[in-house]
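*Asks:* Assembly of the complex is requested from the two constituent chains, each provided in isolation within its own frame, with the hints serving as guidance.
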Amino acid sequence: MYDRQVRRRRLVLALLVVLSLGLLTVYFGESSSGGLHSLQRGALGVLGPVQEGASRALKPFRDLFGWVDDTLDAKRARSKLTRSNAELERQVSDLQAQANENRQLKKLLEINDTGGLDKYAPVRARVTVRSSSLFYSKLNIDKGTSAGVRAGQPVVNGSGLVGRVSEATRGYAVVTLITDDEFAAGARTLTSDQAATVQASPNRPGDMELMLPRSPDKVAKGERVVTDGSDSSKLRSYFPANIPIGRVSRIDYGDGDLDRVIHVKPAVDLGSLQYVEALTRNDAASAVASTGTP
Amino acid sequence: MTAFTPQLVVRLALIAVVVVVLQATAVSQIEVWGVPADLTPLAVASVGLLLGALPGAGFGFVVGLLVDTTLLQTLGVSSLLLVAVGYGAGRLRELRDPAHGLTPMAVGAVAAAVTSLGYAILQFLLGAAVPLSALLARDVLMSIVLDTLLALPVYAAARRALVPVLPDDPRRRRRRAQTTTLSPLSRARRA
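One line per chain: the protein sequences are C and P, in this order.
Numbering-wise (the working numbering), the first sequence opens with residue 1 and increments by one.
Numbering-wise (the working numbering), the second sequence opens with residue 1 and increments by one.
I should point out that these hints are in silico values taken from the structure, not numbers from a laboratory.
Just so we're clear, the structure is a prediction, and the values are computed from it rather than from any experiment.
No residue lacks a Cβ here, since even glycine has one placed at the ideal position from N, Cα and C.
Certain hints may be false.
[What the hints assert, rightly or not] Each pair of labels, with its calculated beta carbon distance range:
(1) P:D139 x C:R126: 21 to 27 Å
(2) C:R62 x P:L14: 18 to 24 Å
(3) P:G127 x C:L81: 41 to 47 Å
(4) C:R76 x P:V10: 42 to 48 Å
(5) C:L15 x P:L136: 30 to 36 Å
(6) P:L71 x C:L15: 21 to 27 Å
(7) P:F4 x C:K80: 53 to 59 Å
(8) C:K80 x P:Q7: 52 to 58 Å
(9) C:R103 x P:L136: 51 to 57 Å
(10) P:Q73 x C:Q91: 49 to 55 Å
(11) C:A77 x P:L95: 48 to 54 Å
(12) P:L95 x C:L39: 34 to 40 Å
(13) C:L39 x P:V10: 22 to 28 Å
[To be verified] Some residues of chain P that are not near chain C, with every Cβ distance over 10 Å (derived):
(14) V9
(15) I30
(16) L150
(17) L152
So that you can see chain P by itself, here it is in the shape it has in the complex (with noise of 0.2 Å):
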């Protein structure tokens, strides 16, 4: 379980107001293969694969809010995505603990698919006419690429921003137990 310092507290507030604005004011005007990439669902993953379930909601829910003040959208609806995509990348990193490195990856995908998909359910759900074509689909498809290929910049960019006030980092934590840990013929031999 993490602990909040004070110093966490404060950087990930820095870094939701850094994600939101750049993704405002820059990275939603860059078109690439015809679609804007969308770093919040990247960073709220990150930051739950980096701190765990309950940070990653509360993180989520920070951004989501920032992002529907920011754009004037319906307040609660970004919310709601990134408390799931939070939650979810944390307690995959509490229950598994991959190690793999391009775990990043894998996971933003699933953010970026969970958000876009769970944005057109919701507008669906509120009553907004949702435009089901195929350029749609195209773009949806092509939005979650672009998302994937950017999730291990964004993660590195996130664990570089909170490794100094982290309690403990997974790859730390790992360290410790292979260190730790002996095998039955050295723990035969100790005793």
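So here's chain C without its partners, still in its complex pose (with noise of 0.2 Å):
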């Protein structure tokens, strides 16, 4: 009983084994106008309408999970391009920051070559820290006495005056700007060539204002302010002459020549500075007043 059993068993299994291969020879071998190839497509005419018919019944389940996959799909390609983007930021920046300290100091040697500062040893500094005050009166930079920076020598940049070094360590020197309080330098309009003081306006921060001048119903708007730069060897200036210190931006004209206030807009942008040099050598040399634009 058994025995036969195995019997069928094999006997069957070989039968479909070479039922298959005979079917598999057969169709590989004849062309495509072939009795096999005929039978597949009348069944394929018959099986045709109930395949698209159960084609068109299951769409819904083909769009859900469609729907889910795409899902899916969209979120993993969301966080790649947010990813991508966050990178993509990174190195815009970058690229920003590095334009921007480019411009600096493209600006720098621009006033070192056409402006004759060179001949004041300019030790070039980079800006370390800032005032958090909200009108940048003092920065450090990350030159001292051990690059041949002092006290009292002047600080310029690519644009015009900057400030004077007002202390200095082995390392670094801290730098008071020209719109603070305690700063004060002589100062020269261009077109009306008034002899004045310049200091930072008590009633505008981030103002200066020109005192003293000698005929101030002479200064107009827009006229250049630059460094006087006295060689008196009694009273000798900080500043070299000619340094580019800013605009007269507005006049508030009062009772008498007295109570007239002489606006000046620095020409540097105090609040974005990266590079800045100090100028070591205080010369008599003096330096062209139209290399920067205030």
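*Replies:* Quick look at the structure:
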């Protein structure tokens, strides 16, 4: 009984395998117009409508899975794009910062070459710390006495006068900006040629005022103001002559000449300083006032 | 040995048609991890596990024929592979009668692997260009994993469809065996 079952089982298996191989061989060997191909096409003709109906009926099922798949894909894509966007943002920020640095360094080179500041042995320094006060009246630079930076030396950048070194250590120095209350410098208007003192405006933080010109009525709005640079041995100026300080931005007319207030807008954007130069040699040579663009 | 009753044959035929149509019209168009699942080897393996080697092999042959016909493939390729799957699953049931609940999963994994690799080998033997690449290997692996995960539900569905017409369900047979077999102590007491 058992042997018969085994024989039968093996026989059926062999039959099915032989049938499969036979089908395969005949199908593979015949042309596309052969009997099996025709039979297959005929069967497909019968099964086609069934498949079509089933396909339509199962469309919501497929759409549901497609929607889930699309949603997951979209979620993955969103995460990827968010990461990519953050990376690009960082790169753009880096590039913009580098471009800004490049612009400032280029201006410094210009003022050194064409403005004649090379003669004052400029020491280039990076601004390391900036006063957190609203008006940026002081800042620290990464060069000190070891680089020849001393208290009292003028500090410039590509646009003009930045301030004066007020303290210096071996590796660092503190710069008092031109808008600080303690700052004052001999100045001169270029068109009307009025000598005066420029100092921080007591009423308008970040602004400066031109004090005590000989003929205030001659000073006009828009005039350039540069350092006067006195060479007198008794009262020698800290600053070389003709370094741009700013432009006359506004004139408040009072009752008389003494009441007249001449406002000067600094040539240097003190809020975005990255590189400055300390002029470590105070010679009598003069700079060219037209270098900076106040 | 499973006795073929008319009800059983009708149900098997219905399962074959439903599985092939479902596979061709829906499942093959849904990709998970970049590959579609293949229900046909799972269904054949389930029938083999439930009914035995001969019904499994016969069912595999018919399903393979339907698959090749509906997809206009070389006739006989799927039949040959699915005969092997159905026969193998049926022999496992006849020889070992595995009772573990995860058996269909393991059998499904083997069935999927046999089918995937068998197709590749047969296509190669028939002269078709079989692209051997890491991507293909990954796809084959993914389809095996996917089929493995689907094996239990497919087996459950096949079992649900066939249990009413099964002449001897393995579980019922086991239950009978447990209740009728006496321990040596019981036998001694009875004697």
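*Asks:* Could you say whether the range 22 to 28 Å given as a hint is met by the Cβ separation of L39 of chain C and V10 of chain P?
*Replies:* Since L39 of chain C and V10 of chain P have Cβ atoms about 24 Å apart, the given range 22 to 28 Å holds.
*Asks:* Check the non-interface label on L150 of chain P: least C-beta distance to chain C beyond 10 Å or not.
*Replies:* 13 Å, holds
*Asks:* For the pair R62 of chain C and L14 of chain P, does the Cβ-Cβ distance stay inside 18 to 24 Å?
*Replies:* 22 Å, holds
*Asks:* Is 51 to 57 Å respected by the C-beta to C-beta distance linking R103 of chain C and L136 of chain P?
*Replies:* 55 Å, holds
*Asks:* Does the hinted range 21 to 27 Å hold for L71 of chain P and L15 of chain C at CB?
*Replies:* 24 Å, holds
*Asks:* Would the non-interface assignment of L152 of chain P survive a Cβ cutoff of 10 Å against chain C?
*Replies:* At roughly 19 Å from the nearest Cβ of chain C, L152 of chain P sits farther out than 10 Å, so the non-interface label holds.
*Asks:* Just tell me: holds or violated, for the beta carbon distance of D139 of chain P and R126 of chain C against 21 to 27 Å?
*Replies:* 56 Å, violated
*Asks:* Given a hinted range of 52 to 58 Å, is it respected by the beta-carbon distance of K80 of chain C and Q7 of chain P?
*Replies:* 55 Å, holds
*Asks:* Lying within 34 to 40 Å: is that true of the beta-carbon distance L95 of chain P to L39 of chain C?
*Replies:* Distance hint for L95 of chain P, L39 of chain C holds at roughly 37 Å.
*Asks:* A range of 30 to 36 Å was offered for this pair. Does it hold for the Cβ distance of L15 of chain C and L136 of chain P?
*Replies:* 34 Å, holds
*Asks:* Was I30 of chain P rightly flagged as not at the interface, with every chain C Cβ beyond 10 Å?
*Replies:* 4 Å, violated
*Asks:* Could one say that the CB atoms of G127 of chain P and L81 of chain C fall in the range 41 to 47 Å?
*Replies:* 45 Å, holds
Checked against the numbered hints given earlier, this structure breaks hints 1, 15; the rest are met.
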